[in-house]
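Enquirer: Given next are the chains, with one letter for each unit.
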Amino acid sequence: MSEQESSAITPEAGSALAEAGKTSKWLTQNGFDHEFVGLDASGIEILKVDREFLVPFATALYAYGFNCLQCQGGYDDGPGAELVSFYHLIKVSDNADRPEEVRIKVFLPRQDPRVPSLYWIWKSADWQERETYDMYGIVYEGHPNLKRILMPEDWVGWPLRKDYVSPDFYELQDAY
Amino acid sequence: MVMNSDSLSQTSGQPELILNPIERPKVTQELSENVILTTVDDLYNWARLSSLWPMLYGTACCFIEFAALIGSRFDFDRFGLVPRSTPRQADLIITAGTITMKMAPALVRLYEQMPDPKYVIAMGACTITGGMFSTDSPTAVRGVDKLIPVDVYLPGCPPRPEAIIDAIIKLRKKISNESIQERGELRQTHRYYSTTHSMQAVDPILTGAYLQSATRDAPPRELMEAMGLPVPPALSAAEKEANRRV
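Protein chains in written order, with the numbering used here: chain A, 346 to 521; chain B, -12 to 233.
Hint data in this document are derived by calculation from the structure and do not stem from the laboratory. We put the CB at the ideal spot given by N, CA and C, even for glycine. Only true hints are included.
Derived, one-sided and incomplete: chain B residues facing chain A with beta-carbon distance under 10 Å:
id	residue
1	Thr87
2	Asp123
3	Leu134
Given these sequences and hints, build the entire structure.
Expert: Here it is as structure tokens:
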């Protein structure tokens, strides 16, 4: 997984000869294992991290200057595929002009979707991680109050997973 | 209409001045102009439909249109509609916005708190059939008439304020047709679907006191250990800077 980023070309065909970004190079130089996935639509680098290394990885990025978690969320990669917890980080400062950003993705097995909480690094992860837990059932270990935030608290199931089947409640049946 | 003979003669001669008369206007003495024939039903309905007080209830974008109706441009006060913030003073609830499974008990409770006679306008596609949420939503209630009885269905996504005025006029027509004699039959016995259950009420788990919980003061031990991993030398300088910033 730790390919030589200094060679500036990733061997995967999927990431189509994308050069690793600045943040990715810095992390590789300092020995933080990750996979450079490519650039997103806004040209911001996407890094794929193992969940075991997420907390030291995020701590390093915080120390590097990414002081704001501007978005956290999740998605289901497909029926039977992995669940993903993603983090959008940004360097916030006074009079910032196009501040540096980075995206982190953590792929989690569907049978055991546990990931450490980043609440203790960025407090804004609080409700975001609760929502991701509510919708996808990703368990954020170490979160201080991991409870459903949108759905009723006694709801069964994770509504935004691809294999979710809506219950046949009277209220949810089609109107005539 | 009975016309006075002298007013007839005046119209034939020079026109009568109506604006700003010098004398005080005389109260007409003809019996036919001082008697109103009506029924108790009509009087009662007229009084009721002229002061329909809607509840301030909005859950989504439909309420933006409803709020425009409150403002001076569309001005629904001229229909005698005064927005009320408590269900106990309201005659009418306009369900402006999507109703979800989580909101449904609150809506039914608000409806039950309104005094009889009470009316419901289902505003917008969401409260009629579920609207754009009717295909794949795990939460949106498919039509608010599964929860409370609806008098007027007001389609649109969202409907314009003029459409709400139209719905209110239709509701006024409906109210004006009601009769006190039929009041017993108008009362609805089966208002919404309910079933017997053996569920027990439990204390809510989301109390707001969680901000003071002890788990918020410090991360758990495992996470502290994980965060205390040895830091590579290139990082320590940057971390020192971060600490200074904090």
